[in-house]
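Enquirer: Chain by chain, the residues run as shown.
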Amino acid sequence: KAGVTQTPRYLIKTRGQQVTLSCSPISGHRSVSWYQQTPGQGLQFLFEYFSETQRNKGNFPGRFSGRQFSNSRSEMNVSTLELGDSALYLCASSLSWTSSYNEQFFGPGTRLTVL
Amino acid sequence: GQQVMQIPQYQHVQEGEDFTTYCNSSTTLSNIQWYKQRPGGHPVFLIQLVKSGEVKKQKRLTFQFGEAKKNSSLHITATQTTDVGTYFCSITGGGNKLTFGTGTQLKVEL
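Chains as they are written, first to last, in the numbering used here: chain X, 1 to 115; chain H, 1 to 110.
FYI, nobody ran anything at the bench for these hints, they're computed from the structure.
Be a bit skeptical, because a hint or two may be false.
From the structure, some residues in chain H lie toward chain X, with a derived Cβ separation under 7 Å [claimed, not checked]:
| # | residue |
| --- | --- |
| 1 | H42 |
| 2 | P43 |
| 3 | F45 |
| 4 | G95 |
| 5 | N96 |
| 6 | K97 |
| 7 | F100 |
| 8 | T102 |
Which chain H residues stay away from chain X? Per the calculated CB distances, all over 10 Å, these [stated by the list, open to error]:
| # | residue |
| --- | --- |
| 9 | V13 |
| 10 | S52 |
| 11 | S73 |
Okay, the calculated beta carbon distance ranges per label pair [stated by the list, open to error]:
| # | chain 1 | residue 1 | chain 2 | residue 2 | range |
| --- | --- | --- | --- | --- | --- |
| 12 | X | S86 | H | G41 | 14 to 22 Å |
| 13 | X | R67 | H | D18 | 42 to 50 Å |
| 14 | H | P39 | X | T5 | 18 to 26 Å |
| 15 | H | P8 | X | Q17 | 32 to 40 Å |
| 16 | X | T5 | H | Q80 | 39 to 47 Å |
For every residue, glycine included, the Cβ atom is placed at its ideal position computed from N, Cα and C.
Produce the entire structure from the sequences given, and follow the hints as far as they go.
Expert: Spelled out as structure tokens, the structure:
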């Protein structure tokens, strides 16, 4: 079974631009979560989608947005990029969305550099 | 929201030595998960602990959940170079939202 895939793997942008990152979950998984990883702030939750609906949102500004398609693939968008947005963006998929923990499988991440 | 503090931040050991990382919370946790991230890699799920006082073993790795469900530990016996990486604890915040600890970076010297 193929794992979680993320595209692109590396991206260089300049301040003020916008960027769209893509995540394809494991086949059959319907929940997709996004995380930002930086040396300073560690791993931080961005948002989670299940059945095309945002179920959870972290403490990030409105410049960070996402969506999920009917095939469970997800995209996240960052508008008006800032230098501090440079990070590894990780996507994680899980089978379902419930009140208790569902094992999450992480993709390789997209390394975003903002110049 | 709930947070977990993880210590130490770094640990440098000789191969064959033991290693332990700890996660602590000021509030009672419903469960805790442990992940490992190799250098340049992504987090990989290791285990979830749910019950008070729970102890689980995976080969040389021993995971414990405190009696009060406010702390947890991961102990590696006789470290090997393959154990190198950062170990994170995490807690759930509803749905699949994970709040991660700051991680413990383990380096193993031959």
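Enquirer: Could you run down the list of hints and mark each one as holding or not?
Expert: Comparing the hints with the structure gives:
1. H42: This hint holds: H:H42 lies near chain X, its Cβ roughly 4 Å from the closest one there, short of 7 Å.
2. P43: 5 Å, holds
3. F45: 5 Å, holds
4. G95: Holds, about 5 Å.
5. N96: It holds, given that the least Cβ distance between H:N96 and chain X is near 5 Å, below 7 Å.
6. K97: Constraint on H:K97 satisfied, holds at 4 Å.
7. F100: 4 Å, holds
8. T102: Interface hint status for H:T102: holds (5 Å vs cutoff 7 Å).
9. V13: 22 Å, holds
10. S52: Holds, since 16 Å exceeds 10 Å.
11. S73: 19 Å, holds
12. X:S86 x H:G41: 14 to 22 Å: 19 Å, holds
13. X:R67 x H:D18: 42 to 50 Å: 46 Å, holds
14. H:P39 x X:T5: 18 to 26 Å: The hint (18 to 26 Å, Cβ to Cβ) holds, given that H:P39 and X:T5 are roughly 21 Å apart.
15. H:P8 x X:Q17: 32 to 40 Å: At 39 Å between Cβs, range holds.
16. X:T5 x H:Q80: 39 to 47 Å: 30 Å, violated
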